[in-house]
Amino acid sequence: MENSNSDHKAKLLEIRDLYKAFPLSSGLLEQLQFKKGRLVRNRESVKAINGVSLDIYPGDALCVVGESGCGKSTIARVVTGLLRPTSGSIVFDNERIDHLPPKQQLPYRRRMQMIFQNPYASLNPRMTVRQTLEEPVRFHNPGIANGAVKEKVEEVMASVGVDPGWSNRFPHEFSGGQRQRISIARALTVDPEVIVADEPISALDVSIQAQVLNLLMEAREERSLTYLFITHDLSVVEHFGSRVAVMYLGAICELADTATLFGTPRHPYTQALLSAIPRLKLDRPAHIKLKGEIPTPIDLPKGCLFQTRCLYADERCRQERPDLKKLNSGARVACHGVEENRIE
Amino acid sequence: MPILEVNNLEVRFPMREGELIAIRDISFSIDRGERLGIVGESGAGKSVAAFAILRLVGRPGYISGGQILFEGNDLASLSPEQLRQFRGNQITMIFQDPMMTLNPVLTIGTQMIECLQTHKGMRRREARELAVEKLRSVAIPSPEARINQYPHELSGGMRQRVVIAIALLTDPEIIIADEPTTALDVTIQAEIMELLLELCEKHQVALILITHDLGVVSEITQRAIVMYAGRIVEEGPTRSIIEQARHPYTQGLINALPERTRPGQRLNQIPGSMPTLMQIPPGCAFHPRCEHVTDVCRTQVPDYTRFDHSRVACHWVAVQEQTSV
Ligand SMILES: Nc1ncnc2c1ncn2[C@@H]1O[C@H](COP(=O)(O)OP(=O)(O)OP(=O)(O)O)[C@@H](O)[C@H]1O
Ligand SMILES: Nc1ncnc2c1ncn2[C@@H]1O[C@H](COP(=O)(O)OP(=O)(O)OP(=O)(O)O)[C@@H](O)[C@H]1O
Ligand SMILES: [Mg+2]
Ligand SMILES: [Mg+2]
Chain F
1 MENSNSDHKA
11 KLLEIRDLYK
21 AFPLSSGLLE
31 QLQFKKGRLV
41 RNRESVKAIN
51 GVSLDIYPGD
61 ALCVVGESGC
71 GKSTIARVVT
81 GLLRPTSGSI
91 VFDNERIDHL
101 PPKQQLPYRR
111 RMQMIFQNPY
121 ASLNPRMTVR
131 QTLEEPVRFH
141 NPGIANGAVK
151 EKVEEVMASV
161 GVDPGWSNRF
171 PHEFSGGQRQ
181 RISIARALTV
191 DPEVIVADEP
201 ISALDVSIQA
211 QVLNLLMEAR
221 EERSLTYLFI
231 THDLSVVEHF
241 GSRVAVMYLG
251 AICELADTAT
261 LFGTPRHPYT
271 QALLSAIPRL
281 KLDRPAHIKL
291 KGEIPTPIDL
301 PKGCLFQTRC
311 LYADERCRQE
321 RPDLKKLNSG
331 ARVACHGVEE
341 NRIE
Chain P
1 MPILEVNNLE
11 VRFPMREGEL
21 IAIRDISFSI
31 DRGERLGIVG
41 ESGAGKSVAA
51 FAILRLVGRP
61 GYISGGQILF
71 EGNDLASLSP
81 EQLRQFRGNQ
91 ITMIFQDPMM
101 TLNPVLTIGT
111 QMIECLQTHK
121 GMRRREAREL
131 AVEKLRSVAI
141 PSPEARINQY
151 PHELSGGMRQ
161 RVVIAIALLT
171 DPEIIIADEP
181 TTALDVTIQA
191 EIMELLLELC
201 EKHQVALILI
211 THDLGVVSEI
221 TQRAIVMYAG
231 RIVEEGPTRS
241 IIEQARHPYT
251 QGLINALPER
261 TRPGQRLNQI
271 PGSMPTLMQI
281 PPGCAFHPRC
291 EHVTDVCRTQ
301 VPDYTRFDHS
311 RVACHWVAVQ
321 EQTSV
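Here the protein sequences line up with chains F and P, keeping their order.
Under the numbering used here, the first residue of the first sequence carries the number 1, and numbering increases by one thereafter.
Under the numbering used here, the first residue of the second sequence carries the number 1, and numbering increases by one thereafter.
Think of the hints as simulated: they come from the structure by calculation, not from any bench.
The C-beta atom is built at its ideal place from N, Cα and C for all residues, glycine as well.
Please note that the accuracy of each hint is not assured.
These stretches of chain P come out as covered by chain F in the derived footprint (C-beta under 8 Å, 3 or more residues) [unchecked claim]:
| id | region |
| --- | --- |
| 1 | 9-17 |
| 2 | 71-85 |
| 3 | 189-201 |
| 4 | 210-216 |
| 5 | 246-257 |
I would like the entire structure built from these sequences, with the hints used as guidance.
Pasting the structure below:
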């Protein structure tokens, strides 16, 4: 069952009916078009997020997966306040935060920290490791005593395996895995409740991925953290996630407990995705090939967003966009075919 | 006779601090139609080895030792023109980034036709027809229309399929694919891998597949080589490497994968990270991370211990073998 009592538990983070479009910055002349004898200005945009609602409960490790460009990073950036939504809202601990002025957002920024894919870009090259770790503590606790800052930083360094000998060195002196460890330490110094991690291990080697993933799992236990974890690596999701949201073209097509999703994937896109994971054991079922070409988020398909590539699409799918519907297993699936029992 | 044989290949990069040895003692061979995987972490020397096989090591690097034999002939004895013909006709390389192969200002058709004109001396009409046919063979929809498009008008997955079509134009006998799907989504990766597999089987093309993804190696290759800090540490049939790796590094790499641990449990990590070329430790390069380390590992580079179909460079394995005999 998908979080059987989840409907009664207090939500920590809610994404409500989120839309995000990026206007395409073409010149004015390119935007002008003749339509029915009149000159009109035609503004195109990339529809990155198209109606996403997600509830995240304390202690969740909610993983968001999907192919490149489906809007995973955009969700992370809207949730953490780096981008404003086009419409919809973000609610943290029962408080709507997306429309707050920056100053009032500050306490929520502390409680929700972000870790990025590229530990090279997210650390300031001119700050030592110690400065990097102390800065957020001072920023979020104005007037804090030096001793208290030091104590906090040392506690976190010890718990995530940042060697005290690294303190006075600069980011470029470290390997990718070590830098990611420093970014994680940095996020933890301000005692966040939620970590939004955007592909935190994708740039790392296999042997280092295991180290960093272990670290994130330990931190989850020890600090009762909640994760919004973005990745395209399904074997990591299967290992790390408590729940999974599968995205396609800026919308969620399936949302379920990890075991349910991997055991009985229902959406045709989820099925195709899982069938494509390369495995060590050779008992993977045959790869399900999708048809057609990946549509562009500039011109969204009519009806179901997935219909142009779906093997089961019919007239209804081409006209009407399906909502997420809850199945007996607790999984939520946006598919007319599943709802009508046309698809196993 | 194997189609390609590499003996004791070594590549060096002269640096201010002295010469760095990027790969050393690389020896292996591959048969017609065989699929060989090369795995290892970033910086292990996989790409340097691939380029060295084509005798294309970028300056200031140079091949400082060893031999590459194609059908028994030493590539070092070829003239630059013969070498160029060899690279175009018998062997071909597919890169991670399709734009390494594609020219952004030329249509796909122009690039394919030029290639056939230079390497096969074909006429334009004939070349165009063959190009369309090759595009169709890699499942590019409506190839007659696609051939007039520029690379940027195609998706990443389609671009990589075009690169494979170009690689196939001259009917090569060996394809070296260096992380051909790393930048692509899993669904597209699966398609491209199936395509490569089919080609090898149908046309007896030998494939050297470089990747850091052990799942891909497991599904596609018959034999695998594991590299660490510039050296081959283990070689053997893919199934036995995956199911009963002997080198502690290979074991560690496989056991670190999430699918080797129950969901939610702590993963089996290898401590530390691979050294850079500047700081390769004496003895066995893996010894600082190895749980079986002994004194000899700290001072002596291990020789290969040979088994029926495999070999392993590890003192610990060698000792176990001796005591079990
Ligand atoms: N600042 C921006 N301006 C215009 N378009 C953008 C911007 N940021 C993202 N996009 C577009 O929005 C869509 C979603 O992008 P996003 O980065 O969220 O995808 P993603 O799922 O994170 O992909 P990846 O797996 O490649 O990281 C893409 O089509 C992308 O090109
Ligand atoms: N032009 C160069 N000058 C100096 N050193 C180089 C040069 N090219 C490669 N190297 C070094 O050679 C070593 C092997 O590099 P190589 O690119 O073969 O690694 P790789 O196994 O292909 O890694 P990846 O998985 O990241 O592609 C690295 O330490 C690299 O820094
Ligand atoms: Mg992203
Ligand atoms: Mg490489």
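Hints and how they fare:
Counting residues of the region 9-17 of chain P whose beta carbon lies closer than 8 Å to any beta carbon of chain F gives 0, which falls short of the minimum of three for the stated coverage. Restraint check on the region 71-85 of chain P versus chain F: 0 residues with Cβ-Cβ distances below 8 Å, three needed, restraint violated. Proximity of the region 189-201 of chain P to chain F, defined as three or more residues with a beta carbon under 8 Å from a beta carbon of that chain, is established by the 5 residues found. Interface restraint, the region 210-216 of chain P with chain F: holds (5 residues with C-beta to C-beta distance below 8 Å; minimum three).
Requiring three or more residues with a Cβ within less than 8 Å of a Cβ of chain F, the coverage given for the region 246-257 of chain P holds, as 5 such residues are present.
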